[in-house]
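Count the sequence shown with our numbering and you get residues 3 to 331, in order.
Since the hints were derived computationally from the structure, they do not count as laboratory data.
All of these numbers come straight from a predicted model, not from anything done at the bench.
Every residue, glycine too, gets a C-beta built ideally from N, C-alpha and C.
Just so you know, not all the hints are guaranteed correct.
[As the list claims (entries may be wrong)] Ranges between beta-carbon positions, derived for each pair:
(1) Asp284 - Pro59: 53 to 59 Å
(2) Gln224 - Thr61: 41 to 47 Å
(3) Asp94 - Leu308: 33 to 39 Å
(4) Met3 - Asp287: 38 to 44 Å
(5) Ala268 - Asp231: 28 to 34 Å
(6) Ala250 - Gln224: 22 to 28 Å
(7) Asp284 - Phe126: 43 to 49 Å
(8) Phe88 - Leu191: 28 to 34 Å
(9) Tyr302 - Ile17: 33 to 39 Å
(10) Pro289 - Gln228: 17 to 23 Å
(11) His276 - Ala75: 38 to 44 Å
(12) Asn303 - Ile267: 21 to 27 Å
(13) Asp231 - Pro289: 17 to 23 Å
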Amino acid sequence: MSLLTFREALRNALIEEMDRDPTVLLMGEEVAEYQGAYKVSQGLLEKYGPKRIIDTPITEAAFTGIAIGAAMAGLHPIVEWMTFNFGILALDQVINNAAKMRYMSGGQTSIPIVIRGPNGPAEFLGSQHSQNLASILTHIPGLKVICPATPYDAKGLLKTAIRDGNPVMFMESELMYQLQGEVPDKEYLIPFGKADIKRAGQDVTLLAYGRELHTALAAAEQLATQGIDAEVIDLRSLRPLDSETIFASVAKTNHLVIVDESWPIASLGSYIAHLVAHDCFDLLDAPIELVQMEDVPMPYNHALELAVLPSMDKIITAVQLSLSSTQQA
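All chains should be modelled from the sequences, with the hints used to inform the complete structure.
Shown next, in the form of structure tokens:
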């Protein structure tokens, strides 16, 4: 095992897959000469040259479309959006071309493309650069949506994404690139559609993904001091979704708190709440609680920014509300 940062784990995945398959290439803004806006691609231009590490103009729709065409022609492009906020400009290419081409061709055309980059709020970036777009992308049939929360998961899931053969939206948190964790030295893959129980517990299920997983884990540790044993599940794969692991945990704890960095209306968290309410209604001892972004654009002021986001205190309050509902009943 090696202790790697999140960005180093991603870089290792890129190197292993580019060494394995000469059709894999990386393209995007500042990925080559500048070595990546977040230094994920550091050293790759020197190693693979400008035909495989390709700097693009600031034209998300254009270079995303070029990559989709390259995938249709047999290459395996990885597109780095400097931020998923900029990727909004390319949603026509993603939704109407990448996501639908296999279906519209009757299965004759595959789109082996990975679109990756930072997603969600950071700090002091304002409304237009602090959006978690996972709920929007999980809405689209034909896309796979992955959101790792640890260096171990980042490497294993990115390697799986590159080999998948379908369009994969690989969403990283801007505030996690320096996060450290143990990563195996030997090659490994992590399958899509499989959540991971990051902390086992008996009293309540905390469900999270991406950066908010770490908020949920911190809340679980604080809850433990109050005698509350929380189970924390990391979704990792948002589409396909591992409903079986979620249902099994709810069957054990009878309480569910969902932590989602998206806005609350028509969100992934809301959809999961529907699934659990439909399939596990008789197992629930209290209403499902959602801890999400406040339904406002992200403020620039840092105090307001923190007030808008999910937090450890909000999660603890939701757990206490869920457990008190059972006691009152």
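Open item on the list: Hint compliance check: list the failing hint numbers for this structure, sorted ascending.
Closed with: none
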